[in-house]
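Undergrad: Remember, this note's numbering sits 189 above the position in the sequence shown when you count from 1.
These are calculated hints, taken from the structure and not from any lab test.
Where hints are given, some of them may not hold.
DSS-like, lysine-lysine: derived pairs with alpha carbons at most 27 Å apart [as the list claims (entries may be wrong)]: (1) Lys-243 / Lys-471; (2) Lys-380 / Lys-391; (3) Lys-571 / Lys-525; (4) Lys-496 / Lys-535; (5) Lys-410 / Lys-471; (6) Lys-275 / Lys-421; (7) Lys-243 / Lys-316; (8) Lys-490 / Lys-568; (9) Lys-484 / Lys-503; (10) Lys-263 / Lys-410; (11) Lys-316 / Lys-380; (12) Lys-537 / Lys-471; (13) Lys-537 / Lys-291; (14) Lys-568 / Lys-525; (15) Lys-538 / Lys-484; (16) Lys-535 / Lys-490; (17) Lys-443 / Lys-484; (18) Lys-421 / Lys-391; (19) Lys-525 / Lys-490; (20) Lys-240 / Lys-331; (21) Lys-421 / Lys-471; (22) Lys-471 / Lys-571.
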Amino acid sequence: MLLHFQCLCVKLRILRLSRSTFLTRTVSYVLPHSRDISDFLRVVNSANENKIRKAPPWRVMFFGTDEFAVESLKILTESRNPSAGKVVDTIDIVTLPVISSKEVPVRRFARQHHLLIHDWPLQWPCKHFDVGVVVSFGCLLKEELICRFPYGILNVHPSLLPRWRGPAPVFHSVLHDDAVTGVTIMQIRPKRFDVGPVLMQKEFVVPARYTSEELGADLSKLGAEMLISTLKTLPEMIQNQKEQANYGATLAPKINTAMSWINWEEQTCYQIDCLYRAIGYKILLRTLWQGEVIKLMDLVKEEDIPKLSDLELKRTQIPGSFLFHKISNILLVRCKDGLVGFTAVKLKKRLSAADFYNGYLHQSSVTRSGIPQEKWLFKTFKKQHKKDKDANFFIHSYNHGRVKNK
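Based on the provided sequences and hints, a complete structural model is requested.
TA: This is how it looks when you write it as structure tokens:
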């Protein structure tokens, strides 16, 4: 009950209600729920002792984990300097504990810059904060935690909400080849991710054939700049915040290895290119060859695919059929609507397309296996384990669930 009361008090003060209005509404809220008038007096005294700041510098608690979050943490740390306008007074860090000697990027940055670190789940420290900041944290924050911050908790989200709500917006922006994306600064709400009111949004025009890694790096810098701009006039930004639109919402679930399986019969050259740019830097594309998993690396641009002779085209008519183009050193594979090329593969180790040909596709290898080269195919992975039902996720979401940029 007291936490709910504190949330109410915060909202009233931000809206600059008169003192008499504040006390009248406080009494009407507390008394019906209090068995003892001392509860009311204790809360009022606490509120008076810890007055809400009306302007920077703010006492900030930062929640984050990965490299995307580090960019915002870096600019918050720098903004403690009076020469930079001192937007931040103090900053504490909440991040994941060290597991198996692996340190998440936010924790490493905080340790190197001597910032106070709290492990998640959080044991609330005996100190006061004005605002929380969440960037790429991945854990749902409970209402009682949100209510501890007079100005709530801000989230730096790398999409134009309500498009791509969820933990992997950058991946889905690239997967669906969005021409325009952006960053949203919003206030988080309990129980659901990415549904809170918007304080600021900025668009970002995505360059052609951008990868998730490249896009994430650019959006992290844009998001950090927007975060500082928001904090400079935080009370005003909160007063002018807007609820998210009820239309155009799309979901951005986590990526997983099941998505890396290529379906040669259903996926187009364009879709394979989008998939590669979305996850290729993190998860290699996969297929089956002679019953073994083979990973495909270094996708060739469409304009660099060589023209084939009639004989070569005849040998690659079936989806999954492939050949090695010696002049360009490219392994060409037939998909739904054309040919895609790769310059390297990975079996037990990385092999160039030429090494793969010499070791497995050369005439001596054909003689040894007894299988004619024209019948060697990459096979689509068909087994549908629970996790692997997402293997063709983007085909269906792209064709049936896509919301075009406006």
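Undergrad: For every hint, state whether the structure bears it out.
TA: Each hint, compared with the structure:
1. Lys-243 / Lys-471: 44 Å, violated
2. Lys-380 / Lys-391: Satisfied, since the Cα-Cα distance of roughly 26 Å is no more than 27 Å.
3. Lys-571 / Lys-525: 16 Å, holds
4. Lys-496 / Lys-535: 25 Å, holds
5. Lys-410 / Lys-471: Holds: Lys-410 and Lys-471 sit about 21 Å apart, inside 27 Å.
6. Lys-275 / Lys-421: Satisfied, since the Cα-Cα distance of roughly 9 Å is no more than 27 Å.
7. Lys-243 / Lys-316: 18 Å, holds
8. Lys-490 / Lys-568: Distance ~23 Å between Lys-490 and Lys-568 Cα, so the pair holds.
9. Lys-484 / Lys-503: Since the Cα atoms of Lys-484 and Lys-503 sit roughly 25 Å apart, the hinted pair holds (cutoff 27 Å).
10. Lys-263 / Lys-410: OK: Lys-263 and Lys-410 at ~10 Å, within 27 Å.
11. Lys-316 / Lys-380: Holds, because 25 Å separates the two Cα atoms, which is no more than 27 Å.
12. Lys-537 / Lys-471: Roughly 18 Å between the alpha carbons, so the hint for Lys-537 and Lys-471 holds.
13. Lys-537 / Lys-291: 25 Å, holds
14. Lys-568 / Lys-525: 13 Å, holds
15. Lys-538 / Lys-484: At roughly 10 Å apart (the allowed maximum being 27 Å), Lys-484 and Lys-538 satisfy the hint.
16. Lys-535 / Lys-490: 19 Å, holds
17. Lys-443 / Lys-484: 21 Å, holds
18. Lys-421 / Lys-391: Holds - the C-alpha atoms of Lys-391 and Lys-421 are around 17 Å apart, at most 27 Å.
19. Lys-525 / Lys-490: This hinted pair holds, its Cα atoms lying about 17 Å apart.
20. Lys-240 / Lys-331: Holds, at about 24 Å.
21. Lys-421 / Lys-471: Violated: Lys-421 and Lys-471 sit about 36 Å apart, past 27 Å.
22. Lys-471 / Lys-571: 23 Å, holds
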